[in-house]
Amino acid sequence: MELKEIQELIKFVAKAGVAEVELESKGFKIVVKTQHKSQENTVYVQAPVAAAPAPVAAAPVAAAAAASPPAAAPAEDNSKYITVKAPMVGTFYRRPSPDKPLFVNVGDEVKAGGVLCIIEAMKLFNEIESDISGRVVKILVDDASPVEYDQPLFLIDPS
Amino acid sequence: MSGQALIIGKEIEVVSEVNSTNAYAKENLRKNLDSRGYWVFTEKQLQGRGQGSNRWVSDSKHSLTASFVVKPQPWPGKDSFWPVRAQRLFAVCVQDSLQEFVKKNVLLKWPNDVYLDGKKVGGMLLENGWQNGQAMWTICGLGLNLSSSPAFPTESSHLYAPIPALEFLQTWGGIFAETWKKRRLQSDDVLLQDYLKALWGFHTYREFELISTGEVFGGTAVGVDEQNRIELLVQGIQGIESRHYEIKSIRWR
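Protein chains in written order, with this note's numbering: chain A, 1055 to 1213; chain B, 2 to 254.
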């Protein structure tokens, strides 16, 4: 999709006053959202989740036009976040040892390469690092819980 | 961390005092991602990680506390899981290289202890760093009681020749590097067979305890699977059964 088409889409959403429009086309998914607080529209462009195991950085584009507040609150949409998954079966730990502080909390800013958790499997300790810089939005697993291969662990907001 | 780092050659870095060689090596990785494939030795480790929540503290120049930093490497044969392969590779290299120095039998107790003539003299701790589902680095930590342990004194008859600790570390580091270079190209099957031969207590009937229930049962350890769980042959109702256990499930008796 061309930049001009994206801009047209933003204008259309702003005029229509809807909370969110999602469009999938030619391997890309585009979500245009209306945000109440900032009175701005934000567009996230990312590859489809199923097609890309590696995270693709979302590219927020602020629209110039102000939007009307939507009638209803938007449904929870996690598509703009990067999901960090377990690369192996094991036990999920949020701190390096019981007497040490947590690696991260919800709301923390993390840098690419920053440690998010440890998965311990048969005395092998695996530090799971953030794939990208961003903010920790959700921690999907409880401390000291077993995790399966490919199980989602964290949602990171790269914007 | 304190103490002046002394670089010996390109492959061994000796630090006089450090909290943990694994942690020190990790800091090195964060500073310079290309510096992989070398040893960090220390004469004094303050906060090494031991069994469970224990600390592996060494305050003797004759203890060996060291970490091998290595980048995950491709290998021929089956596409086995890198951390498991790295653990086996490191373990057999530790056995090969230590056996050069000691008269008594060096064996490994599954999954990460080092035994000398049936007594524990050390342990191994492997850590991996992951990004985008890929292993980016591996640090193999090793702690051995040398002269600080009656089981493995430098001056005792266990060693072929009494040698100073630092000289031992350098010589052993060199032998380990050669062993690693040779063995890293071996196929998964060869490595697995050598790893199984190196394991203490295998192919001998013994008692195990199921940790969750306290039940004691007899069995024979015969192998490890692709997730490094131990395989026991146990007499079941229908005959001999093959059972696989994680380290946290059973206790050796």
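Hints may contain errors.
[Unchecked claim] Below, in silico cross-link-like pairs of lysine to any residue (SDA-like), each with a Cα-Cα straight-line distance of 25 Å or less:
(1) B:K32 - B:D97
(2) B:K110 - A:T1145
(3) A:K1177 - B:Q239
(4) A:K1165 - B:Q135
In case anyone wonders, no lab produced these hints; they're calculated from the structure. These numbers were taken from a predicted model, which means no experiment stands behind them.
(message) Just to be careful, I want the Cα atoms of K1165 (chain A) and Q135 (chain B) compared with a cutoff of 25 Å; is the pair within it?
(response) Satisfied, since the Cα-Cα distance of roughly 17 Å is no more than 25 Å.
(message) Would the hint linking K32 (chain B) and D97 (chain B) be met if the CA-CA limit is 25 Å?
(response) 32 Å, violated
(message) Against the 25 Å threshold, does the CA-CA distance of K110 (chain B) and T1145 (chain A) hold or violate the hint?
(response) With Cα atoms ~22 Å apart, K110 (chain B) and T1145 (chain A) stay inside 25 Å; holds.
(message) Next pair to validate is K1177 (chain A) with Q239 (chain B); report whether the Cα-Cα distance is within 25 Å.
(response) 33 Å, violated
Of the numbered hints stated above, those contradicted by the structure are hints 1 and 3, listed in ascending order.
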